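Here is how the chains run, residue by residue.
There are 4 protein chains.
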Amino acid sequence: MIIVMKPNAKQESIFRIKSTIEANGLDAHISAGKEVTIIGVVGDKSKLLAQNLEIFEDVDKIVPVTESYKLANKKFHPEPTTVKVRDVVIGGNNFVIFSGPCAVESKEQLLATAQEIKKAGAHILRGGAFKPRTSPYSFQGLEDEGLTFMKEARDETGLPVICEITSLHAIESAVKYVDMLQIGARNMQNFYLLKEAGKSGLPVLLKRGLSATIEEWLNAAEYILAEGNPNVVLCERGIRTFETATRNTLDISAVPVIKRKSHLPIIVDPSHATGVRAYVKPLAMSAVAAGADGLMIETHPNPSTALSDGPQSLTFEEFDQLTEELKPLVKLMEKNI
Amino acid sequence: MIIVMKPNAKQESIFRIKSTIEANGLDAHISAGKEVTIIGVVGDKSKLLAQNLEIFEDVDKIVPVTESYKLANKKFHPEPTTVKVRDVVIGGNNFVIFSGPCAVESKEQLLATAQEIKKAGAHILRGGAFKPRTSPYSFQGLEDEGLTFMKEARDETGLPVICEITSLHAIESAVKYVDMLQIGARNMQNFYLLKEAGKSGLPVLLKRGLSATIEEWLNAAEYILAEGNPNVVLCERGIRTFETATRNTLDISAVPVIKRKSHLPIIVDPSHATGVRAYVKPLAMSAVAAGADGLMIETHPNPSTALSDGPQSLTFEEFDQLTEELKPLVKLMEKNI
Amino acid sequence: MIIVMKPNAKQESIFRIKSTIEANGLDAHISAGKEVTIIGVVGDKSKLLAQNLEIFEDVDKIVPVTESYKLANKKFHPEPTTVKVRDVVIGGNNFVIFSGPCAVESKEQLLATAQEIKKAGAHILRGGAFKPRTSPYSFQGLEDEGLTFMKEARDETGLPVICEITSLHAIESAVKYVDMLQIGARNMQNFYLLKEAGKSGLPVLLKRGLSATIEEWLNAAEYILAEGNPNVVLCERGIRTFETATRNTLDISAVPVIKRKSHLPIIVDPSHATGVRAYVKPLAMSAVAAGADGLMIETHPNPSTALSDGPQSLTFEEFDQLTEELKPLVKLMEKNI
Amino acid sequence: MIIVMKPNAKQESIFRIKSTIEANGLDAHISAGKEVTIIGVVGDKSKLLAQNLEIFEDVDKIVPVTESYKLANKKFHPEPTTVKVRDVVIGGNNFVIFSGPCAVESKEQLLATAQEIKKAGAHILRGGAFKPRTSPYSFQGLEDEGLTFMKEARDETGLPVICEITSLHAIESAVKYVDMLQIGARNMQNFYLLKEAGKSGLPVLLKRGLSATIEEWLNAAEYILAEGNPNVVLCERGIRTFETATRNTLDISAVPVIKRKSHLPIIVDPSHATGVRAYVKPLAMSAVAAGADGLMIETHPNPSTALSDGPQSLTFEEFDQLTEELKPLVKLMEKNI
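Chains as they are written, first to last, in this note's numbering: chain A, 1 to 337; chain B, 1 to 337; chain C, 1 to 337; chain D, 1 to 337.
In short, the hints are calculated from the structure, not lab data.
Where hints are given, some of them may not hold.
All copies of an identical chain are treated as equivalent in the list; a pair is satisfied when it fits inside any one copy or across any two copies.
Quick list of in silico lysine-lysine cross-link-like pairs, DSBU-like style, CA-CA up to 30 Å [said to hold, decoys possible]:
| no. | residue 1 | residue 2 |
| --- | --- | --- |
| 1 | K335 | K84 |
| 2 | K34 | K261 |
| 3 | K34 | K75 |
| 4 | K74 | K118 |
| 5 | K6 | K119 |
| 6 | K61 | K34 |
| 7 | K70 | K195 |
| 8 | K75 | K6 |
| 9 | K34 | K45 |
| 10 | K107 | K335 |
| 11 | K75 | K195 |
| 12 | K335 | K261 |
Bear in mind the structure is a predicted one, so any value in this text is a computation, not a measurement.
Here chain A stands alone, though its shape is the one from the complex (with noise of 0.2 Å):
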């Protein structure tokens, strides 16, 4: 922690600062120069939490040099994390593919949806039972009755299911249908639910907050972590800007700055990120040779007739298709698929 002293700061200023500072226990070192003076902080600045240096006399600013994060940071946990499913590992060297409905509509859509991406390649079956809609005047979702055709689906495809939840109950209907825990958009930084989730025991894939900073993300991933579960993927699904052409703009530098900061495992969600089916493809290409992990992709029977989102889902040709055209891409970047 530096602190920046406003120019002609008066030297008791200065000196209240470093007392206060070694009064906690730790060192400050002081820089004096021609316009102004700075002091830098050396040790444990958790002793410091308890005092505002910012709004101490003639303080200009404080200047944080570490990440508030620890147990997401690269810097103290260097090996890239990999995270299990079941038998699907996200991270390291696999590419991982997660595709399915926006919503949980009926047990025949969902059924369908999960044989049809299996045969496509998929890994994982997403779909939604809790609903977060703008509007509540929007389908809200099935809630516990779409968790229980999630399961169904898993037993008969075998392939894992994720399924986001938005409150502690659901939560708790969760951990008992599906087998990996999504926390959504508007939900990064409900940090009751993040905590909740940490201690479900099942992994999470967290989703990127519309207007959250990579930083903000990490810490919203530290609280799952410091609820001891190391099981957490990050999902970018694009920010909001002043841009309208696209539902939201896909931060596709998100993934290389992810992958230098932290070891966790990151995939690109380009249906959300857009919102427009045509857009999907050479997103999806694009997250590939970025970097990304992984794949979340919005398949429907019949989009036309979808209670939430059809416009960016994927009819099953078209999502086969897709895959078809990721592998050798895939390939090229090393990963396995």
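Fit chains B, C and D to the known structure of chain A by using the hints.
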């Protein structure tokens, strides 16, 4: 709803959409232009929910014409709503000041604050017992114990009290001790929480999400209203932009926009919007002049040792001075303080 | 300038940076922490311009400590600047209203506007002769002919006149007819134009770019000041965000931030910030209360036939009413109008 | 164009709009819904330019149906455009790599770079002689002398050369020495410059503005095309968002969006998009996979002493390695490199 067709859309594509609309009991008005054909849909759009017209062949885009929120919409409820929190009335010609610490830290801190802000003219005491913090290692709040201090502060000063809630558990505790619930920016689209707050019977202060459009914000309010709870107050607290001179960017336009689109009262929180104490007063003044129904201002007996958001908290002296300067401005705006 | 090293940076990397700093005639202060080492650079940073310390081995990041703008910086010029445009003084205790049409359309339109706004209390007449328009097929301005109308309007009413300039040619024409130059949002980082405006000898109104940080804005002002032209007035006119209810998002915080960081006067343009006539008055009021030194308000004899930005222009009657309501507020803020 | 009326709009308001539309020679199609009435305008909208229907009584909003750009629009020009820069062809099945230093610093630096990047497989040499810099105290470029070095580099290596131009003067100089003009992000809406570049006769590389929508970007291209210059290549280089881990946020979706809306070629500049050398390769790869027609990559003989943007420049060795890794990917995408 208007459906814009692609240039040179086939007649059969247009016909198929017309048929689908009519088969759902609505009317389709076709305008065939030189370049494009548009189809106006007349009738109850909710009947089309199961159809994704957007992905029918030759459709270019769908343009919604009416807002998805109804109960929060001024069009259907032109009179301004007033919300009563014990004997404090928010909305109409009243100007209401919420104040208190970001986090409840101790009984002493809270009682001292309650007494001082009451003297200075505040109407409602705020205080956080459940703190949503970016890092799991930051102070997370006193939880239920904090709530008992809130109640004690109310009993001693007569000021109604408000506390942020972050889970169903927190709501269940809070209803026993406080007079109004707050839903924070990070939970604005935690739809589960919105519904539970709607059911609680208490008035709700709904803060705008960091990257929520005003339309999404009013839809979030709709979740609460749809549970039969009409007592919703909105709070603008800054949105996320590229600017870093302030923690967030106060969207002052939200005040007149909400006044035009909704009947719900709106207050402004300049403390969280800027994160900088020196900017609290000018932004509080600007909010009054823009037509806000109130303010939420953070205060602390000793900001330099506050466990949360100290840099933006006012001392009692500063708060006292602020309310003094606000009064003539509030009167100029023809509101009662 | 502070150099933050990576954890476990090699001693030789630290030594190499220290040597480079010292070889350039500056001092390096090393603070070796438990996790990371930081190096404070003391002395004239411009001597390091030819070195990209950021990419030296083991460097994590560089943290600038002082602002790059000097002439615009309040630290080195604590007294507020006043700018004289003929006999109108901007800054200090004065409150100045600029008004007029977005685009000059005819002599009649401009003269009528000049007379009416003068009666209502405006101080400076604005009018666009060179219009930067998103589409090449929109009205591009009357150019030099428009300038002659501006001069005529001034001669008739005595109001100083201001016109946006978009090229060196436009500057060369404008200096013959107008009293102040305006650099628009889209040209805020047209550094060539900034320099030429600096050399023109006329005072300059510098609008903030749509996505410019306040720091970049002050650096743009620095370009003008560095040409020996001290007469710069800043104008906040909304930034680009995700919100679509208003054309741009008025960053009202920019007013107190500029007041704290710079000595230059700042005015606010609520017309361009919102693009909606109904929001002009509340935002004008909020700007006064936030401490702005003036306003720029679009007016038009008949907004429904305006060739540019009609939807945000006030009629003369609306403008008259606005200035009436502004006056008591300006007085409350202890400014002269 | 569709006009959406307010709920309960008066019949006479609807009639007045209908009359206005018809008086201008267009047709008005009225759809009267239960809640709102909409009016479809059929015919040549440019005839309505002098009418601001948006502010007619009882109008809620205007929804444009067709894009304002025509020459850049794929709808009216479905075949992809190819742009020839001497004997290098951009667009179609060709993949073209632009490379070189951010700023031309000396003849030696430029010639060394030209030779090395040619060996590695680059097709066009870039180099900045007129540098738009945030601060007036940063290196501003060698200007005309830099242009002569560019020409010399071309003469020696045969690589066509491109240089950013920032004023009419710069264009007048550049046409004598270089083969393609670049308009940078900060000048994307410098409409005067766009027109002059259009008139220059040289092909133009048009970078996207930091906060420009794709629609605005295509309208900027329209300015050049409308001058009779069909040789425009677009370049995505990152947009401004709240994320700070990268300098800008590369909007990779822009590649498929442009491919769908326009016939112009599009390349990607990962160097400026991220500002971090380590992210250049993964983002270059992602751009190829998304379907880009080329890349612009900064290189420098010694990035640590570069006068501009050193931290993002690749060494020759890194560039050589990058092009080696790109080749199989470009082939997989069925493009020639």
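Status of the hints after comparison with the structure:
1. K335 to K84: Cα proximity of K335 and K84: one copy only (17 Å, versus 38 Å across).
2. K34 to K261: Between copies, since 19 Å is at most 30 Å while 35 Å is not.
3. K34 to K75: This pair counts as between: shortest inter-copy Cα distance 14 Å, intra-copy 34 Å.
4. K74 to K118: neither (34 Å within a copy, 37 Å between copies)
5. K6 to K119: Neither. Shortest intra-copy (65 Å) and inter-copy (34 Å) distances fail the 30 Å Cα cut-off.
6. K61 to K34: Result: close both inside a copy and across copies, 17 Å intra and 22 Å inter.
7. K70 to K195: within (16 Å within a copy, 35 Å between copies)
8. K75 to K6: Intra 32 Å, inter 9 Å, cutoff 30 Å: inter-copy only.
9. K34 to K45: both (28 Å within a copy, 11 Å between copies)
10. K107 to K335: neither (34 Å within a copy, 44 Å between copies)
11. K75 to K195: Within one copy, since 23 Å is at most 30 Å while 41 Å is not.
12. K335 to K261: Only inside one copy: K335 and K261 sit 21 Å apart there, 33 Å across copies, limit 30 Å.
This entry does not satisfy hints 4, 5, 10, going by the numbered hints stated previously.
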